[in-house]
Amino acid sequence: MTILPINPAENQSPDSFRVFLEQCRAAAQAAGRPQLVSISLAVDDLDPLAVLESIYEPGELHFYAERPGSGFAVAGAEAVLEFTASGPQRFAEAKQFIIATLANTLAVGAMDAPFAGPHFFVAASFFADVPADAPFPSLRLFVPRWQVSRMGDGSVAVANLVITADAPVDLIAAKVWKAHAKFRFFDYRAATRSDRPSGVRQIEELGGEDTYPGAVEQGLAGIARGDYRKIVLARAKRLTATEPFHPLGVLNNLRQRFPSCYSFSVADGRGRSFIGASPERLVRVVHGRMHTESLAGSAPRGATASEDAAFARELLHSEKDLREHRLVLESIARRTADLDLKLEHSGTPRLLQLANVQHLHTPVSAALPESAHILDLVARLHPTPAVGGTPRERALPAIAALEKFPRGLYAGALGWADWRGGGEFIVGLRSALIDGATATTYAGAGIVAGSEPRKEFAETGLKFKALLEALIES
Numbered sequence: 032m033t034i035l036p037i038n039p040a041e042n043q044s045p046d047s048f049r050v051f052l053e054q055c056r057a058a059a060q061a062a063g064r065p066q067l068v069s070i071s072l073a074v075d076d077l078d079p080l081a082v083l084e085s086i087y088e089p090g091e092l093h094f095y096a097e098r099p100g101s102g103f104a105v106a107g108a109e110a111v112l113e114f115t116a117s118g119p120q121r122f123a124e125a126k127q128f129i130i131a132t133l134a135n136t137l138a139v140g141a142m143d144a145p146f147a148g149p150h151f152f153v154a155a156s157f158f159a160d161v162p163a164d165a166p167f168p169s170l171r172l173f174v175p176r177w178q179v180s181r182m183g184d185g186s187v188a189v190a191n192l193v194i195t196a197d198a199p200v201d202l203i204a205a206k207v208w209k210a211h212a213k214f215r216f217f218d219y220r221a222a223t224r225s226d227r228p229s230g231v232r233q234i235e236e237l238g239g240e241d242t243y244p245g246a247v248e249q250g251l252a253g254i255a256r257g258d259y260r261k262i263v264l265a266r267a268k269r270l271t272a273t274e275p276f277h278p279l280g281v282l283n284n285l286r287q288r289f290p291s292c293y294s295f296s297v298a299d300g301r302g303r304s305f306i307g308a309s310p311e312r313l314v315r316v317v318h319g320r321m322h323t324e325s326l327a328g329s330a331p332r333g334a335t336a337s338e339d340a341a342f343a344r345e346l347l348h349s350e351k352d353l354r355e356h357r358l359v360l361e362s363i364a365r366r367t368a369d370l371d372l373k374l375e376h377s378g379t380p381r382l383l384q385l386a387n388v389q390h391l392h393t394p395v396s397a398a399l400p401e402s403a404h405i406l407d408l409v410a411r412l413h414p415t416p417a418v419g420g421t422p423r424e425r426a427l428p429a430i431a432a433l434e435k436f437p438r439g440l441y442a443g444a445l446g447w448a449d450w451r452g453g454g455e456f457i458v459g460l461r462s463a464l465i466d467g468a469t470a471t472t473y474a475g476a477g478i479v480a481g482s483e484p485r486k487e488f489a490e491t492g493l494k495f496k497a498l499l500e501a502l503i504e505s
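Residue numbers (my numbering): 32 to 505.
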């Protein structure tokens with residue numbers, strides 16, 4: 032990527048901006064191919080979700096992610112570049128698309144600010160291949176036309192555009208300049224109401240109410256045969272509401288309920304959105320270091336402090352849950368072994384306590400070789416044993432056979448890669464597919480030797496409860 036020594040904040044006039052775009056067009060002519068142009072501006076404090084509500088269009092792609100506890104939020108809307116891939120090489124192909132795009136990218140502005148410059152937003156399904164009629168492809172990557180982010184006290188607005196050798200510079204300059212003025216003094220009153228439905232007409236368990244305990248029993252039989260050591264089996268419930276869901280209304284409620292989680296929304300550009308509040312980071316790369324985690328082993332929260340502490344103590348000493356947790360740590364080490372990472376983590380897990388459930392949690396970090404890209408790590412780590420099983424090669428076909436619904440983006444990899452080779456990906460958990468007046472919700476549990484079908488059914492029910500409460504006004 033070429034960073035031009037131009038400060039758009041100091042050359043704020045339509046004429047100077049048009050001259051800049053003419054230079055970009057000349058670069059496209061010289062290179063013989065279009066140029067991605069990325070303009071980053073530090074702006075007054077913006078709420079990315081409020082901005083997304085104001086510019087939300089059901090027929091456009093969008094990506095939103097926020098973690099209030101970490102002080103960041105980012106929203107990207109509309110697409111100037113889009114790429115799809117499927118199969119076992121989908122992340123490698125996406126990486127090559129990013130590299131090729133950045134080789135023909137011109138960037139200006141506040142490039143040292145967090146979330147400045149072009150970002151490549153990615154939504155990848157749990158399985159490497161999905162049916163042709165699936166709401167989301169196996170992997171979709173897009174560069175947004177508009178991106179707004181907040182990190183701590185700072186906000187950055189990014190405009191991305193593709194300039195061809197014969198681009199109508201005057202028309203493009205006028206459009207972007209108008210948007211530039213809008214983002215500097217954003218008027219949130221343009222947003223349409225995003226209330227949640229007031230009631231549910233029907234709740235249907237996909238595959239039938241009796242399916243899940245039987246699937247767990249079959250999963251345990253596979254463990255006993257030695258087919259795999261762990262398998263994660265999920266349930267899906269479809270809610271039909273009395274009125275359409277607004278995905279951003281549900282998302283706003285989720286982020287308020289679960290400030291320690293990653294709230295997210297991914298739109299397919301055809302009116303459907305995948306939303307959720309995930310407790311699990313897949314991987315983050317920043318300043319040359321990778322950060323991931325083992326998140327496996329669960330217990331409910333108690334109604335009183337004493338009951339809560341008793342559940343926590345039982346979880347911390349549960350042989351079954353500790354074994355499940357170790358399987359994830361072992362998988363991280365095994366899957367990244369070819370990168371020669373020196374993984375750093377504590378010897379015993381800590382508790383991650385959420386509003387409705389608590390997990391065993393071990394952060395893992397390592398210095399990353401310069402040649403490694405975040406998508407190299409995503410390709411190795413996804414899906415983790417926490418959402419798939421181990422060995423992965425044997426657990427995943429069993430999941431496909433035992434579950435009676437398509438996972439789609441549930442437990443998939445959602446996130447972004449930036450122009451520096453860093454970024455962050457989360458696991459699509461505590462999630463729902465929103466489609467008009469229906470919402471398909473998902474919840475799963477890890478099955479290992481010693482698991483009991485009744486308890487695993489209760490654990491998934493606990494995870495469903497929080498999401499169902501967030502979907503509907505009460």
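Rather than coming from a laboratory, the hints here were simulated on the basis of the structure.
Accuracy of the hints is not assured; some may be wrong.
[Said to hold, decoys possible] Result set (BS3-like, lysine-lysine): computed pairs, CA atoms no more than 27 angstroms apart in a straight line:
(1) Lys435 <-> Lys486
(2) Lys496 <-> Lys435
(3) Lys209 <-> Lys351
(4) Lys351 <-> Lys496
(5) Lys496 <-> Lys486
(6) Lys268 <-> Lys496
(7) Lys435 <-> Lys268
(8) Lys351 <-> Lys486
[Unchecked claim] Simulated restraints, written as ranges between beta carbons of each label pair:
(9) His318 <-> Asp76: 23 to 29 angstroms
(10) Ala134 <-> Trp208: 39 to 45 angstroms
(11) Ala73 <-> Gly481: 50 to 56 angstroms
(12) Ala165 <-> Ala480: 50 to 56 angstroms
(13) Asp76 <-> Glu113: 27 to 33 angstroms
Built from N, CA and C at the ideal position, the CB exists for glycine as well.
Hints, one by one, checked against the model:
Straight-line distance between C-alpha atoms of Lys435 and Lys486 comes to about 20 angstroms, which keeps the hinted pair within the 27 angstroms bound. Among the hinted pairs, Lys496 with Lys435 is consistent with the structure: their alpha-carbon atoms are about 21 angstroms apart, no more than 27 angstroms. Annotation: proposed proximity of Lys209 to Lys351 is violated, straight-line Cα distance about 59 angstroms (limit 27 angstroms). With a C-alpha separation of about 24 angstroms, the suggested pair Lys351 and Lys496 falls inside the 27 angstroms cut-off, and the hint holds.
Annotation: proposed proximity of Lys496 to Lys486 holds, straight-line Cα distance about 15 angstroms (limit 27 angstroms). Restraint check: the Cα-Cα separation between Lys268 and Lys496 comes to about 11 angstroms, which is no more than 27 angstroms; the hinted pair holds. With a C-alpha separation of about 11 angstroms, the suggested pairing of Lys435 with Lys268 holds against the 27 angstroms cut-off. Taking the CA atoms of Lys351 and Lys486, the gap is near 13 angstroms; set against the 27 angstroms cutoff, the hint holds.
Taking 23 to 29 angstroms as the suggested C-beta distance range, the pair His318 and Asp76 conforms, at roughly 25 angstroms. Ala134 and Trp208 have their C-beta atoms about 28 angstroms apart, which leaves the hinted 39 to 45 angstroms range violated. Between Ala73 and Gly481, the C-beta spacing of about 54 angstroms keeps the proposed range 50 to 56 angstroms intact. The given range of 50 to 56 angstroms is broken by Ala165 and Ala480, whose C-beta atoms sit roughly 33 angstroms from each other.
As the Cβ distance of Asp76 to Glu113 is approximately 30 angstroms, the hint placing it in 27 to 33 angstroms holds.
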